[in-house]
Amino acid sequence: MENNKALKSLKDVEEYKIDREKRKLFSANHDDILSGATTDIYFLRTLDILNHMGVADREVTAEIFARKKGIFAGIEEVKNILKDKNIEMWALEEGTEFEPKETLVRIKGPYKEFAIYESVILGCLASPCGWATAASEVKEACGDKPFVCFGTRHLHPSVAPVMERAARLGGASSVSNILTAKLLGEEPTGTLPHASFLVAGDTLEVAKVYNEIMPEDHKRIVLVDTFKDEIEESLRLAEELGRNLYGIRLDTPSERGGVTPELVKELRARLDLNGYTWVKIFVSGGLKPEKIKILSEVGVDAFGVGSYISGAPAIDMTMDIKEVDGKPVAKRGRIPGIVENDKLVKML
Numbered sequence: 012m013e014n015n016k017a018l019k020s021l022k023d024v025e026e027y028k029i030d031r032e033k034r035k036l037f038s039a040n041h042d043d044i045l046s047g048a049t050t051d052i053y054f055l056r057t058l059d060i061l062n063h064m065g066v067a068d069r070e071v072t073a074e075i076f077a078r079k080k081g082i083f084a085g086i087e088e089v090k091n092i093l094k095d096k097n098i099e100m101w102a103l104e105e106g107t108e109f110e111p112k113e114t115l116v117r118i119k120g121p122y123k124e125f126a127i128y129e130s131v132i133l134g135c136l137a138s139p140c141g142w143a144t145a146a147s148e149v150k151e152a153c154g155d156k157p158f159v160c161f162g163t164r165h166l167h168p169s170v171a172p173v174m175e176r177a178a179r180l181g182g183a184s185s186v187s188n189i190l191t192a193k194l195l196g197e198e199p200t201g202t203l204p205h206a207s208f209l210v211a212g213d214t215l216e217v218a219k220v221y222n223e224i225m226p227e228d229h230k231r232i233v234l235v236d237t238f239k240d241e242i243e244e245s246l247r248l249a250e251e252l253g254r255n256l257y258g259i260r261l262d263t264p265s266e267r268g269g270v271t272p273e274l275v276k277e278l279r280a281r282l283d284l285n286g287y288t289w290v291k292i293f294v295s296g297g298l299k300p301e302k303i304k305i306l307s308e309v310g311v312d313a314f315g316v317g318s319y320i321s322g323a324p325a326i327d328m329t330m331d332i333k334e335v336d337g338k339p340v341a342k343r344g345r346i347p348g349i350v351e352n353d354k355l356v357k358m359l
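FYI, in the numbering used here the residues of the sequence shown are 12 to 359.
Hints are not guaranteed to be accurate.
[As the list claims (entries may be wrong)] List time: in silico EDC-like cross-link candidates among lysine to aspartate or glutamate, alpha-carbon distance up to 20 Å: (1) K123 x D59; (2) K119 x E251; (3) K342 x D353; (4) K357 x E105; (5) K239 x E216.
Hint data in this document are derived by calculation from the structure and do not stem from the laboratory.
Required output: the full structure, derived from the provided sequences and hints.
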């Protein structure tokens with residue numbers, strides 16, 4: 012069987028071949044997902060039974076809800092998965108806030124048209140909604156101050172772009188992941204890693220070359236905690252780069268106490284006392300909303316947030332069949348029939 016064709020039965024699963032020697036990564040590719048190879052096997056078993064009974068093409072209406080509130084994300088991938096199927100779909104628009112048990116997606120059509128994609132659809136929504144929701148919490152803590160999503164390093168590279176896109180939907184000002192930014196029609200944002208200074212041996216020397224070779228409109232933000240005291244290094248950089256120094260980044264590790272409000276207060280004061288009032292303070296390193304609020308109040312201008320977003324738990328999603336051939340149905344514990352939601356928009 013060709014692996015780019017949709018699986019329709021258990022026989023198709025038996026014939027589905029993988030060349031384990033040639034596959035370099037364990038992650039699913041687009042063809043794997045679209046073929047249904049990443050679904051749960053019991054959906055194929057279900058189709059075999061329903062086809063044998065002659066009822067696999069019954070028209071059903073299925074609805075998806077979440078068990079807790081959040082920010083909606085991921086429906087664009089769901090649209091692309093189902094766009095060639097004989098179904099109709101309504102859903103919330105991405106970026107919309109939702110409540111527990113609110114109908115988020117409604118799919119209507121022959122059951123066999125989308126049966127194998129239930130697991131796939133729920134997965135395309137659950138994790139992105141979790142990431143977008145975490146990003147919205149960061150956004151609330153930042154207020155009108157920007158933050159960049161730095162979470163790529165915490166996830167498998169096959170899903171990191173999905174995470175950073177969800178973070179952008181949730182409120183991130185920009186993303187650092189190259190592929191994500193290009194898919195969004197934007198440019199990736201980032202400063203310099205500790206590696207650049209450790210390899211070269213001196214922060215100031217790196218900063219001078221950085222200033223020299225970057226385009227004029229590039230915002231030069233330099234990390235200052237690699238070798239010297241953060242304040243000493245910041246003043247050295249400001250004196251050398253002058254107005255070309257847009258900002259400094261604090262990423263002091265937890266082994267040295269992390270970035271504290273006292274450090275930020277002193278840094279801001281000493282920069283101002285020396286006339287470097289234009290230099291902005293950018294902070295990263297294990298930030299959570301509570302700490303962001305505190306640091307924002309003492310003078311931080313922008314933030315880089317990674318693990319709080321990338322490590323956010325998925326929001327549990329459930330798909331229920333609510334109608335069969337136009338008749339309300341539901342499993343025990345649920346009320347038969349569709350659950351109306353005026354926020355749903357026709358997607359397919």
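Here's how the hints hold up against the structure:
Under the criterion of a C-alpha separation no larger than 20 Å, the hint pairing K123 with D59 is consistent with the structure, at around 10 Å. Of the pairs offered as hints, the one joining K119 and E251 is violated, with about 64 Å between alpha carbons and a cut-off of 20 Å exceeded. Restraint check for K342 and D353: not satisfied, since their Cα atoms lie roughly 24 Å apart, outside the 20 Å limit. Straight-line distance between C-alpha atoms of K357 and E105 comes to about 13 Å, which keeps the hinted pair within the 20 Å bound.
Between the alpha carbons of K239 and E216 the distance comes to roughly 14 Å, so the proposed pair stays at or under 20 Å and holds.
This entry does not satisfy hints 2, 3, going by the numbered hints stated previously.
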